[in-house]
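Starting from the structure of chain A, add chain B where the hints point.
Chains as they are written, first to last, in numbering that gives the first Met the number 0: chain A, 0 to 89; chain B, 0 to 170.
Just so you know, these hints were derived from the structure itself, not from any lab. Glycine residues also receive a C-beta, built at the ideal position from the N, C-alpha and C atoms.
A partial selection of chain B residues facing chain A, derived with a Cβ cut-off under 10 Å:
(1) 3
(2) 4
(3) 58
Here are a few chain B residues that face chain A, going by a calculated C-beta distance under 7 Å:
(4) 6
(5) 7
(6) 59
(7) 60
(8) 125
If you want the ones that stay clear, here's a sample from chain B, every Cβ over 10 Å from chain A, calculated:
(9) 24
(10) 26
(11) 27
(12) 30
(13) 42
(14) 67
(15) 72
(16) 75
(17) 90
(18) 94
(19) 101
(20) 140
(21) 141
(22) 146
(23) 147
(24) 165
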Amino acid sequence: MSDATEETAPITLYRLQACPFCERVVRKLDEYDLDYHSRFVEPMHSDRNAVKRVSGSRTVPAIVDETTGVTMSESGNIVEYLDKTYGSEN
Amino acid sequence: MDLGFDIVDLPESDHPVEGEQAPDFTRPLVTSDHWEDASLSALAADGPVLLVFHPMDGSFPATYVWNELTERAFDDHHDVQVVGCSISTPYEHMTLIDDREMDYPLFSDPQNGVAEAYDIVNDLDGMAGVSEPRPAVFLIDSDLTVQYAWVAAEWPEFPDYDAVSDAVASL
Numbered sequence: 000m001s002d003a004t005e006e007t008a009p010i011t012l013y014r015l016q017a018c019p020f021c022e023r024v025v026r027k028l029d030e031y032d033l034d035y036h037s038r039f040v041e042p043m044h045s046d047r048n049a050v051k052r053v054s055g056s057r058t059v060p061a062i063v064d065e066t067t068g069v070t071m072s073e074s075g076n077i078v079e080y081l082d083k084t085y086g087s088e089n
Numbered sequence: 000m001d002l003g004f005d006i007v008d009l010p011e012s013d014h015p016v017e018g019e020q021a022p023d024f025t026r027p028l029v030t031s032d033h034w035e036d037a038s039l040s041a042l043a044a045d046g047p048v049l050l051v052f053h054p055m056d057g058s059f060p061a062t063y064v065w066n067e068l069t070e071r072a073f074d075d076h077h078d079v080q081v082v083g084c085s086i087s088t089p090y091e092h093m094t095l096i097d098d099r100e101m102d103y104p105l106f107s108d109p110q111n112g113v114a115e116a117y118d119i120v121n122d123l124d125g126m127a128g129v130s131e132p133r134p135a136v137f138l139i140d141s142d143l144t145v146q147y148a149w150v151a152a153e154w155p156e157f158p159d160y161d162a163v164s165d166a167v168a169s170l
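The following block holds chain A by itself, in its conformation from the complex (with noise of 0.2 Å):
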């Protein structure tokens, strides 16, 4: 898993350690055999700007797709953009 986290991968995830909102992305990251890399914050949600910059939230986890250009948080709707973007259907 950990050569699918180099810093050139089109899909960055913001995450936090231990997270299990954030394993759930991985695992359907993983599912795909998507390379992402892998950037962590702090649990502290006010120390999160790195997050809030990219996003407008401070909520992890969330995802920048530069292949398609999407940022987006929530597990949920990442889980489901994931499937739509890259399931087996497409």
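The following block gives chain B in isolation, referenced to the frame of chain A:
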């Protein structure tokens, strides 16, 4: 936890279980005041040890675990020494101890060798070259026999504090 989706299962582990010998080790043991090399066996010689492996200092599970253990204060009611272990450096441990206002010392094991000895290594996805212990709790008596063992089977997962409490009470 019921989140409406599956969380990550961790692989099977060959960690020590009740009745088996806990691997001895020596690492810097950090208090709010200082740190010095200390061995598990030397600690255990003073009384039973509740050895708590936790994710790196600053992670939310580390905060949750130490808030709960501080609140429960097993050492106030029983003959047990509560001791932590993570991959964080002694400096970070001092910060955690101060932030959480806790009286418990923490082993510092940046190279994660203790977790290897206990077979509880958790390789961290997205942090190349970094591994840490899975969350785990071992109650160890004076001759290093394990009296209670809990190791996370999912990521994340938290100890069953009531079970730990029962184990400490039955020493």
